[in-house]
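Peer 1: Taken in sequence, the protein lines are chains A and B. Numbered according to my numbering, the first sequence spans residues 36 to 208. Numbered according to my numbering, the second sequence spans residues 36 to 208.
Calculated directly from the structure, the hints in this document are not laboratory data. Hints should not be assumed to be uniformly reliable.
[Said to hold, decoys possible] Below, in silico cross-link-like pairs of lysine-lysine (DSS-like), each with a Cα-Cα straight-line distance of 25 Å or less:
1. A:Lys161 <-> B:Lys116
2. A:Lys149 <-> B:Lys94
3. B:Lys94 <-> A:Lys94
4. B:Lys94 <-> B:Lys111
5. A:Lys161 <-> B:Lys149
6. B:Lys67 <-> B:Lys94
7. A:Lys60 <-> A:Lys82
8. A:Lys98 <-> B:Lys149
9. A:Lys149 <-> B:Lys161
10. B:Lys98 <-> A:Lys98
11. A:Lys98 <-> A:Lys149
12. A:Lys67 <-> A:Lys98
13. B:Lys149 <-> A:Lys73
14. B:Lys149 <-> A:Lys94
15. A:Lys161 <-> B:Lys60
16. A:Lys111 <-> A:Lys98
17. B:Lys116 <-> A:Lys149
18. A:Lys98 <-> B:Lys94
19. B:Lys116 <-> A:Lys94
20. B:Lys98 <-> B:Lys60
21. B:Lys67 <-> A:Lys116
22. B:Lys161 <-> B:Lys116
23. A:Lys149 <-> B:Lys67
24. A:Lys149 <-> B:Lys98
Each chain is listed here by its residues.
There are 2 protein chains.
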Amino acid sequence: MRIFIDMDEVIADTYQQHINVHNQKYGTNFTKADCYGKEFWMCVAEKHQQEVRDHAYQKGFFKDIPVIGNAVEVIKELEAKHEVFIASAAMQFPNSLQEKSEWLDQHLPFITWKNRILCGHKHILKGDVLIDDRSYNLQHFEGRGIQFTSPHNVHTTDFERADDWNTIASLLL
Amino acid sequence: MRIFIDMDEVIADTYQQHINVHNQKYGTNFTKADCYGKEFWMCVAEKHQQEVRDHAYQKGFFKDIPVIGNAVEVIKELEAKHEVFIASAAMQFPNSLQEKSEWLDQHLPFITWKNRILCGHKHILKGDVLIDDRSYNLQHFEGRGIQFTSPHNVHTTDFERADDWNTIASLLL
Numbered sequence: 036m037r038i039f040i041d042m043d044e045v046i047a048d049t050y051q052q053h054i055n056v057h058n059q060k061y062g063t064n065f066t067k068a069d070c071y072g073k074e075f076w077m078c079v080a081e082k083h084q085q086e087v088r089d090h091a092y093q094k095g096f097f098k099d100i101p102v103i104g105n106a107v108e109v110i111k112e113l114e115a116k117h118e119v120f121i122a123s124a125a126m127q128f129p130n131s132l133q134e135k136s137e138w139l140d141q142h143l144p145f146i147t148w149k150n151r152i153l154c155g156h157k158h159i160l161k162g163d164v165l166i167d168d169r170s171y172n173l174q175h176f177e178g179r180g181i182q183f184t185s186p187h188n189v190h191t192t193d194f195e196r197a198d199d200w201n202t203i204a205s206l207l208l
Numbered sequence: 036m037r038i039f040i041d042m043d044e045v046i047a048d049t050y051q052q053h054i055n056v057h058n059q060k061y062g063t064n065f066t067k068a069d070c071y072g073k074e075f076w077m078c079v080a081e082k083h084q085q086e087v088r089d090h091a092y093q094k095g096f097f098k099d100i101p102v103i104g105n106a107v108e109v110i111k112e113l114e115a116k117h118e119v120f121i122a123s124a125a126m127q128f129p130n131s132l133q134e135k136s137e138w139l140d141q142h143l144p145f146i147t148w149k150n151r152i153l154c155g156h157k158h159i160l161k162g163d164v165l166i167d168d169r170s171y172n173l174q175h176f177e178g179r180g181i182q183f184t185s186p187h188n189v190h191t192t193d194f195e196r197a198d199d200w201n202t203i204a205s206l207l208l
């Protein structure tokens, strides 16, 4: 079975990184629970919204993002049984490309360069499973789409859902 | 029709760049005609072979590579009729990722980030046509594979072949 796994908000806690950067700069106390059903930029004061939207274009933003839960352990087990690829729609943020490659070197070195994909559209992927937080990626995928829960997608009911990596393990191992 | 186009040795003259870097440093006079059937590193003195193999890991190597023939004009025409993606197996060279993104911004700005793919294996691509110089990429592609001529592949007869971008135009326009 060929499985594609998204990076941001699936194995890397990018939503939390947005919150941390903003809280640190402005002394606010946002948590994910404040943001259900919204992108983080929609939660902050109007005058800061563009700044939050621009986080991902800044050098360094993707460098130290924390790993989500036990993603690394489960992906290692998936990789022993299946053909696993990491597929990130990173081409929108050219500054992030090398940082994302280095992040994977650090956290998932067992997924080698041959199984890493930085792309735009994901409907060009040919495989069996896509684990992704974004509905627009899942909608156009030919195989089984699993929506990984992120604050912005909690109200979506269009896809099979996984709240955490233990659920992924029970679905695919 | 969905068309994937490789970068190195298809739209970017990477083979010539290898030759230029080596000739400039060692005062040699290699041309492509000296290299038919070989990778460029196989053509140089044994003591320089590893250095040539390491070119692609060096910062700046991909920055100023010349465009091959009328690739830009033909891709612009293809893009008006078909769904066109650039797909480069760049993940092997993390230093190249941003340079390749900037090269595309410079030469093919009409192919936006949504239609750019930096990957390893190419058998994960779902589409109708792959234009590539490498036999191992063409072998595992589900659709029509067109081998773009490069010095290293001149003796291969396994695939439909295009020597230049006028041939691509006549095949796909």
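Peer 1: Look at each hint and say if it fits the structure.
Peer 2: Do the hints match the structure? See the list:
Restraint check for A:Lys161 and B:Lys116: the C-alpha separation of about 23 Å stays at or below 25 Å, so the hint holds. The straight-line distance between the Cα atoms of A:Lys149 and B:Lys94 is roughly 21 Å, inside the 25 Å bound, and the hint therefore holds. Note on B:Lys94 and A:Lys94: the hinted pairing holds, with a Cα-Cα distance of about 18 Å set against a maximum of 25 Å. Distance check on the hinted pair: B:Lys94 and B:Lys111 sit about 29 Å apart at the alpha-carbon level, beyond 25 Å; violated.
Among the hinted pairs, A:Lys161 with B:Lys149 is consistent with the structure: their alpha-carbon atoms are about 17 Å apart, no more than 25 Å. Our distance criterion of 25 Å between C-alpha atoms is met by B:Lys67 and B:Lys94, whose separation comes to about 24 Å. Between the alpha carbons of A:Lys60 and A:Lys82 the distance comes to roughly 14 Å, so the proposed pair stays at or under 25 Å and holds. For the proposed pair A:Lys98 and B:Lys149, the alpha carbon gap of about 23 Å is at most 25 Å, so the pair holds.
For the hint linking A:Lys149 to B:Lys161, the alpha-carbon distance of about 17 Å falls within 25 Å, and the restraint holds. Restraint check: the Cα-Cα separation between B:Lys98 and A:Lys98 comes to about 24 Å, which is no more than 25 Å; the hinted pair holds. Using a Cα cut-off of 25 Å, the hinted pair A:Lys98 and A:Lys149 holds, with the two alpha carbons roughly 21 Å apart. For the hint linking A:Lys67 to A:Lys98, the alpha-carbon distance of about 21 Å falls within 25 Å, and the restraint holds.
For the suggested pair B:Lys149 and A:Lys73, the alpha carbons sit about 23 Å apart, so the restraint of at most 25 Å is met. Taking the CA atoms of B:Lys149 and A:Lys94, the gap is about 21 Å. The hint holds against a cut of 25 Å. For the given pair, A:Lys161 sits about 43 Å from B:Lys60 by alpha-carbon distance, which is inconsistent with the 25 Å threshold. Restraint check for A:Lys111 and A:Lys98: satisfied, since their Cα atoms lie roughly 22 Å apart, inside the 25 Å limit.
With a CA separation close to 31 Å, the supplied pair B:Lys116 and A:Lys149 exceeds the 25 Å bound. Note on A:Lys98 and B:Lys94: the hinted pairing holds, with a Cα-Cα distance of about 19 Å set against a maximum of 25 Å. Straight-line distance between C-alpha atoms of B:Lys116 and A:Lys94 comes to about 36 Å, which puts the hinted pair past the 25 Å bound. Distance hint between B:Lys98 and B:Lys60 is fulfilled; the C-alpha atoms sit about 18 Å from each other, no more than 25 Å.
Of the pairs offered as hints, the one joining B:Lys67 and A:Lys116 is violated, with about 44 Å between alpha carbons and a cut-off of 25 Å exceeded. In summary, the hint linking B:Lys161 to B:Lys116 is supported, as the alpha carbons are separated by about 18 Å, within the 25 Å threshold. For the hint pairing A:Lys149 with B:Lys67, the CA-to-CA distance comes to about 28 Å; that exceeds 25 Å, so the pair is violated. Between A:Lys149 and B:Lys98 the CA atoms are separated by roughly 23 Å; this keeps the pair inside 25 Å, and the hint holds.
Consistency with the previously given hints fails for numbers 4, 15, 17, 19, 21 and 23, ordered from lowest to highest.
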